[in-house]
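Student: Take a look at the letters that make up each chain.
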Amino acid sequence: MSTNTIDPNSWIDKYSDYLFNYTIVRVDDKEIAQDLVQETFFAGLKSMKNFKGEASERTWLISILKRKIIDHYRKINSNKGKAEVRINYVNDGETEGDWLEERVADPFDQNAENEIENEELGVAIYNCIDKLPEKQARIFKMKTIEGFDTEAICNEFDITASNLWVIIHRARTAMAECLEKNWF
Amino acid sequence: MSKENKIFVSCEDANHFCDKNEYQEASFWEKIKLSIHLIYCKACRKYSTNNSKLSKLVKDPKVISMNQSAKDSMKEQLKKKMLEQE
Chain A
221 MSTNTIDPNS WIDKYSDYLF NYTIVRVDDK EIAQDLVQET FFAGLKSMKN
271 FKGEASERTW LISILKRKII DHYRKINSNK GKAEVRINYV NDGETEGDWL
321 EERVADPFDQ NAENEIENEE LGVAIYNCID KLPEKQARIF KMKTIEGFDT
371 EAICNEFDIT ASNLWVIIHR ARTAMAECLE KNWF
Chain B
34 MSKENKIFVS CEDANHFCDK NEYQEASFWE KIKLSIHLIY CKACRKYSTN
84 NSKLSKLVKD PKVISMNQSA KDSMKEQLKK KMLEQE
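The listed protein sequences correspond, in order, to chains A and B.
Sequential numbering from 221 applies to the first sequence in my numbering.
Sequential numbering from 34 applies to the second sequence in my numbering.
Just chain B, same shape as in the assembly:
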């Protein structure tokens, strides 16, 4: 319990909260611990900014992936062609 409620967390934990935060999965308490950690830890501040930049880049509408159904139908057709060839 005492470990759970520590205000000062290790960098490892801070990074973990930071990753979670990028997916909106960090709890309120974790966010507070992260921000306290970022006040005094330069390395984690850097990681944190890079991390959010990465999220922003990946969310860019220009980055598209084909939807799964299109991929599946493509897979089937490719399989058909492979059978035809054999």
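Looking at chain A on its own, in the form it has when it is part of the complex:
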């Protein structure tokens, strides 16, 4: 029926860092960003039935997150907004345009190349990590970003040290290739 399936249990492991980095460059506050990511997951859970499987899970969550960020700015601006003079930009009276949503810059709806160019570094890195096979991605993240010991990772995944280094090597090669175009 659908090409993409949805599985809330894996959301946090898979997407929270990506969404968090996406949010943090837009709201510039850790707490708020975390809250927004959380709300996004809740909202996603609520409207799971509406997920048609046309987009990937991540794209779908990002589209929810974008709304949440817009809502956040609406909320903190509401007092100021009251004093503002409102101008109707649609004058025909029939179509009620949603000013914010239609006017907001939307880099994610552009084509793939623009998308990467417009991304912030953090988002770009997590985007590349997402492209790695799952095991590689997890090990690379643990080793490089979270800074775990070689031994600890080996124990957790039940692999030998040389296995680990082979995985790290593959991950690093793939990451370098993925980031090369825009960041090297």
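You can take every hint at face value.
Pair ranges (Cβ atoms, derived): (1) A:Met362 / B:Ile65: 23 to 33 Å; (2) A:Phe377 / B:Glu109: 22 to 32 Å; (3) B:Ser88 / A:Pro353: 17 to 27 Å; (4) B:Ser60 / A:Arg278: 36 to 46 Å; (5) B:Tyr56 / A:Leu265: 29 to 39 Å.
It should be emphasised that the hints constitute simulated quantities derived from the structure, not laboratory data.
Note that CB positions come from ideal geometry on N, CA and C, so glycine has one too.
Starting from the structure of chain A, add chain B where the hints point.
Tutor: Relative to chain A, chain B alone:
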């Protein structure tokens, strides 16, 4: 033993030392072997520079991951919500 002490190592080994070096886990002897290899191997020099660039990018303070406790509490709350829905 003779294999262990070779001064000229294969590219495969050199890359392995290079990866280790990025995590400050290469031994002194491995570092020497790596630098000797890099003198004459262009491909590995390229890999090595790219590798250190990658490390630098990932270490950038702008790249943040949420800490594990925050993730765990998020997971729990999400589970609660899922149960509520059922």
